[in-house]
Amino acid sequence: MLKSDKPRMPKISIASLVDLNDELIAMIRAGIPLDQGLRNAAAHLNRDSKQFIEQLALKIEEGSSLEEAIQLGADKLPPSYISLLKSAIRMGKLPEALSAYTSFARSRMELRQEIGMALLYPGIVLVMAFFLSLFACFIIFPKLLVIHQMFDLQNTPLMELVSKFFSFYQSWFLIVPLLLLILIISWKASRFTFLGTREQNTSLSRSVFSIIAYGWIPGYQKLILEMNYSTFTKMVSILLSYHVPLHESLVLAAESTGNSKLITESKLLSAKLKHGSSLPDVVRNSDFYPSFIKKMLIKNVHQNHLVRIFSEMSRVYKTRVSNRIDWAKRIIPVSLLVLIAGGITACYAIIVFLPFIELLKMLGSPSL
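Residue numbers for the sequence shown, in UniProt numbering: 1 to 368.
Worth double-checking, as some hints may not be accurate.
Stated by the list, open to error - Okay, derived cross-link-like pairs now, PhoX-like style, lysine-lysine, Cα gap no bigger than 25 angstroms in a straight line:
no.: 1; residue 1: Lys143; residue 2: Lys361
no.: 2; residue 1: Lys261; residue 2: Lys272
no.: 3; residue 1: Lys329; residue 2: Lys294
As the list claims (entries may be wrong) - For each label pair, taking beta carbons as the anchor points, the in silico distance ranges come out as:
no.: 4; residue 1: Glu54; residue 2: Ile28; range: 40 to 50 angstroms
no.: 5; residue 1: His305; residue 2: Glu54; range: 41 to 51 angstroms
no.: 6; residue 1: His243; residue 2: Gly343; range: 52 to 62 angstroms
No lab work stands behind these hints, which were simulated from the structure alone. For every residue, glycine included, the Cβ atom is placed at its ideal position computed from N, Cα and C.
Work out the full structure, taking the sequences as your base and the hints as a guide.
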């Protein structure tokens with residue numbers, strides 16, 4: 001079977017896609033031809049996006065539109081990005097639409113960086129604690145047993161419990177670095193999962209890595225969902241401002257988020273609107289739309305001001321996302337430090353110092 005001479009477009013990361021968006025926005029606003037601007041941009045962008053941009057510029061030089069050129073590499077791009085681009089070109093306001101996608105992706109990247117910084121110090125403390133536990137388990141504890149046998153001391157329930165724990169730990173201490181290694185691998189492997197949208201996270205391995213890396217973060221799912229709502233309402237507002245019908249705006253905006261449930265629900269509502277149902281009746285019976293969006297859309301007084309209403313909802317969700325990110329920045333480092341450092345201190349007090357106290361009590365007993 002002959003191989004095709006057609007060059008394959010490399011898979012482009014979300015971070016590189018954000019850089020590409022910035023270049024596209026600047027070129028469109030400055031009136032620079034896309035083929036020329038893209039070739040100039042390729043010189044200073046990341047390696048994984050350089051080849052993609054060069055091939056994109058080549059397609060545009062050959063006469064393809066921007067939408068057609070990117071569609072040729074659709075299997076290497078997030079479907080939500082393709083949908084966003086189509087809707088943006090249709091409404092004639094590509095820079096604003098790309099800015100919405102960039103804002104959404106950057107919010108995720110910044111949150112990941114903050115989580116990484118929050119994990120750094122507790123991770124160092126955990127590694128140091130592991131080596132100290134090895135010292136206590138293989139050096140201090142055997143000496144305690146020698147002293148215990150030398151004086152023929154009677155075992156207490158506490159000493160028996162500690163002895164069983166150390167015996168177990170001596171056999172299974174490699175579990176700790178293994179768990180730490182799994183967490184590190186999950187963190188690295190879930191980078192694309194975290195920055196991407198839901199349609200990119202369908203594989204089992206990505207789902208598992210995502211749960212291990214981020215599932216423990218309080219409010220993580222809620223944060224990502226509100227990011228989707230912010231992007232969705234912003235895109236509906238922009239589409240409506242360019243006179244795109246409401247039923248089409250809902251679907252295009254939902255597809256730009258990549259949230260499969262939001263897309264399904266929006267398509268269902270769109271079909272009902274096309275068949276003549278009113279927006280308040282359709283939204284009121286929605287199973288997925290949040291109560292805030294429902295309350296804003298079921299009021300009859302809002303029906304003639306949908307552009308402003310959707311824009312205001314986007315602002316509210318964007319504020320909620322910012323507040324949640326600020327909360328995570330403050331709470332995660334402190335919580336991890338208290339749990340890990342405090343937990344380690346308590347464990348050492350129980351495992352090391354209490355046996356010494358028990359030993360001293362035995363040595364000081366009159367019956368010895």
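Hint check results:
no. : hint                                  : result
1   : Lys143 <-> Lys361                     : holds (17 angstroms)
2   : Lys261 <-> Lys272                     : holds (17 angstroms)
3   : Lys329 <-> Lys294                     : violated (31 angstroms)
4   : Glu54 <-> Ile28: 40 to 50 angstroms   : violated (19 angstroms)
5   : His305 <-> Glu54: 41 to 51 angstroms  : holds (45 angstroms)
6   : His243 <-> Gly343: 52 to 62 angstroms : holds (59 angstroms)
The structure fails hints 3 and 4 (numbered hints given earlier, in ascending order).
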